Structures are given as C-alpha cells and as structure tokens.
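Chains as they are written, first to last, in my numbering: chain Y, 1 to 193; chain E, 1 to 193.
Treat the hints as calculated values from the structure; they're not laboratory data.
No experiment lies behind these values; they were computed from the predicted model shown.
The reader is advised that the hints may include incorrect statements.
Since the list gives no way to pick out one identical chain from another, each pair is judged satisfied if it fits inside one copy or across any two copies.
Said to hold, decoys possible - DMTMM-like cross-link-like pairs, simulated, lysine to aspartate or glutamate; straight-line CA separation at most 25 Å:
| # | residue 1 | residue 2 |
| --- | --- | --- |
| 1 | Lys111 | Glu58 |
| 2 | Lys168 | Asp183 |
| 3 | Lys21 | Glu41 |
| 4 | Lys168 | Glu112 |
Number of protein chains: 2
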Amino acid sequence: MRLLEEMILSKGKVYPGNILKVDSFLNHQIDSQLMFAMAQEFQRLFRDEKITKVMTIEASGIAIAVMTAYVMQVPMVFAKKSQTKNLSADVYSTQVMSFTHGRVYDVKIAKEFINSDDKILIVDDFLANGVALEGLCDLVNQAGASVVGAGIAIEKGFQDGGNRLRAKGLHIESLAIVQEMNDNGTIKFLSKQ
Amino acid sequence: MRLLEEMILSKGKVYPGNILKVDSFLNHQIDSQLMFAMAQEFQRLFRDEKITKVMTIEASGIAIAVMTAYVMQVPMVFAKKSQTKNLSADVYSTQVMSFTHGRVYDVKIAKEFINSDDKILIVDDFLANGVALEGLCDLVNQAGASVVGAGIAIEKGFQDGGNRLRAKGLHIESLAIVQEMNDNGTIKFLSKQ
Numbered sequence: 001m002r003l004l005e006e007m008i009l010s011k012g013k014v015y016p017g018n019i020l021k022v023d024s025f026l027n028h029q030i031d032s033q034l035m036f037a038m039a040q041e042f043q044r045l046f047r048d049e050k051i052t053k054v055m056t057i058e059a060s061g062i063a064i065a066v067m068t069a070y071v072m073q074v075p076m077v078f079a080k081k082s083q084t085k086n087l088s089a090d091v092y093s094t095q096v097m098s099f100t101h102g103r104v105y106d107v108k109i110a111k112e113f114i115n116s117d118d119k120i121l122i123v124d125d126f127l128a129n130g131v132a133l134e135g136l137c138d139l140v141n142q143a144g145a146s147v148v149g150a151g152i153a154i155e156k157g158f159q160d161g162g163n164r165l166r167a168k169g170l171h172i173e174s175l176a177i178v179q180e181m182n183d184n185g186t187i188k189f190l191s192k193q
Numbered sequence: 001m002r003l004l005e006e007m008i009l010s011k012g013k014v015y016p017g018n019i020l021k022v023d024s025f026l027n028h029q030i031d032s033q034l035m036f037a038m039a040q041e042f043q044r045l046f047r048d049e050k051i052t053k054v055m056t057i058e059a060s061g062i063a064i065a066v067m068t069a070y071v072m073q074v075p076m077v078f079a080k081k082s083q084t085k086n087l088s089a090d091v092y093s094t095q096v097m098s099f100t101h102g103r104v105y106d107v108k109i110a111k112e113f114i115n116s117d118d119k120i121l122i123v124d125d126f127l128a129n130g131v132a133l134e135g136l137c138d139l140v141n142q143a144g145a146s147v148v149g150a151g152i153a154i155e156k157g158f159q160d161g162g163n164r165l166r167a168k169g170l171h172i173e174s175l176a177i178v179q180e181m182n183d184n185g186t187i188k189f190l191s192k193q
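If we strip away everything but chain Y, and leave its shape as in the complex, we get (with noise of 0.2 Å):
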C-alpha cells in the first residue's frame, strides 16, 4: 500500500537490532486518516470472504481492528495479555512469547465472543516471527471457528513470521512488507506484482 510504505519511508526510524519505530502514526501516536485508509484496503484484500468478526491483541493492534471492523460492519474482538477480575474465568488462553518485552504473555479471550461458526479476520499492526498471530489462530481454534485470514499493516519480511505461516496455509496479506533496512536508516520494501 503506497500510501502507508510513504509514511514508513518519511516518518519510521530504524534502530539496531532491526527495530522499525513506527510510533509517530502507528502503535503510539495513532494517525486515525491512515487507519481508515488501511481498514479499506483490508476490505479489498478480503472482499471475497465473508467476515464475521475482526479479531486482534491489545494494544496496539486495537486502533486498525476496530477501524476495519467499522467499515466491514462487524464487530470487533481483542485478546488481552494479562488476567484481569474484570475477564470472565470462562476463557479460552494461550502463550504468547513477547520479544519486545522479554517475557511470556498469557493471552485471553472470553469464551462467549467467538462462536464456533465465527469467520474471523486477524488484523494486527506488524508481523515479524509470527507468534502473536499463532497465538490468536490457537484461540479461535480452540472456539472451532474459522481464521479466514490476517491482514497485517507492517510485516518483516526478513523474519520467518509471514512465510511459515503462509507455508501453513494463512492467507495473509501484509499491506508493507519490509525486505530489508539498515542502520543507516534504508528501508526496502518487497514489490508486489
């Protein structure tokens, strides 16, 4: 999507240990315009499946999730990270290994708001080694319904994240896929035909 490969060239920052800080428009500072925008395009990608219900992870997955639940007219679902009182004990749970915060996330979801015949879109802001996405396939596996696919708005593609998940079958669709970027601050993004 040129658009949002626009924003990652102008407004991203690489930092070593390939981090690609994004925070300006995307997990932090939100840019809401850009959201909506990403929500249309997911609505292309997936014109041809019939969603019904977005799913992501807290918390920085939430804002495009409920942007593209809006425009699909569905509601939207997000996994939390941590037990709450609030969270219901009837949940389906599983591990979710955080790179980002060096540590082993239990991640939820009530029972009551995946149904078995549910067809749900992952929707999440990146893709690098796969597992959150793993994670949320696991819980709706767990509900017997179906994953039609994930939309993603930022895949590393230098990851294995995207690929092994494909190999498996995942439709996924990544709206910039990151090839390659230095510390220098280059980025390269893969083309798609």
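Chain E: place on chain Y using the hints.
Below, chain E without anything else, positioned relative to chain Y:
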C-alpha cells in the same frame, strides 16, 4: 446518549463490588458501529473547541479514542502503562492506581507527541474514581498543553471522580451516567437536562 444507555440495559451485567461488565460491546468485544456513533456524539458535544489531538490510555480506551480522532480528523495518542524497549526514554510519566488490577502503573507518553500548543480531548471508556483521567491530565500539563475536556463513555456517577474533576473546572461529557446499580441487575441513569 440513548443508544448507549439501551445497550447498557440490554447487554450490561452488574456484579458485586459495583462492577458493571460491558465487555460484550465496549471493552473486550467492541461494537464498531457504536464506537462511531459515540465519536460523532463527542464531536457534537465538543464542537466549540478547537481540538488538535485525542488522547487516551491503553488498552480499552483505544477503540473509542481512535474513532473519535477519525471523526474529528486529528491524530490520537495513547498513554502506555508499562516501560517497553520500543518506548523512547524521553517520556512524560505519572503514576496511576488501577483498582481493577490492584496495582500502581507507571503511565507514560513520548514527549514528542504532546506539544505545548496542543488542545487535547481525553477520551476513555469509563470514569469512576477519576485517577486515570487525572493521570492523563497530569501528562498534558507536564507538556504545557491544554486539556479542553474529557469525553467518557460510561461514568459511575455514584463514585466521586466525575464531580471532583468537574469541581476543578474540567469539562467532562459522559455519554451515560450510571447513578445507581444493584446486584439484582437494576441500573438507573442520571437524566440529562
């Protein structure tokens, strides 16, 4: 706001300890169309203010905040509850007690995302004792920026946060104010003039 009150009555659940569970449409599963309607209502209520940015705190404020920012055509920024490797060291920081989670959080926002000339609307899903809202006001004040008001989905009118902060001069608009609720499920709203 009639629509929100009706959803609270039809889908909200009251639990002992004054817990109002609205996680089927507001803060776990999210009714994306309701978010848009609430955003439009905030725009109407704050139409006399020149708002430059919408601010909230992760995680459950993000959905309504990004939709409000979209309708108002401004950026949204959300305060983060814990230090992450990807968050700049150059942050404004404050402490907020979470009664839901029974712990104190460091709440942070990158300095670069609040400018001294910003006029900020704070948006959140709940207002009860007001400590989260006060924390967000504190972050804005540290930046020398202005809080033009706070747009809240549900205010627990029987807790003191709303009135305490109104007495300090904060312009708060709550779309539903719960005046009374009982374990048998009765919920009474404060009627607006």
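Exercise for review: Could you tell me which of the hints above the structure violates, numbers in ascending order?
Suggested key: Violated hints (numbers, rising): 2, 4; every other hint is consistent with the structure.
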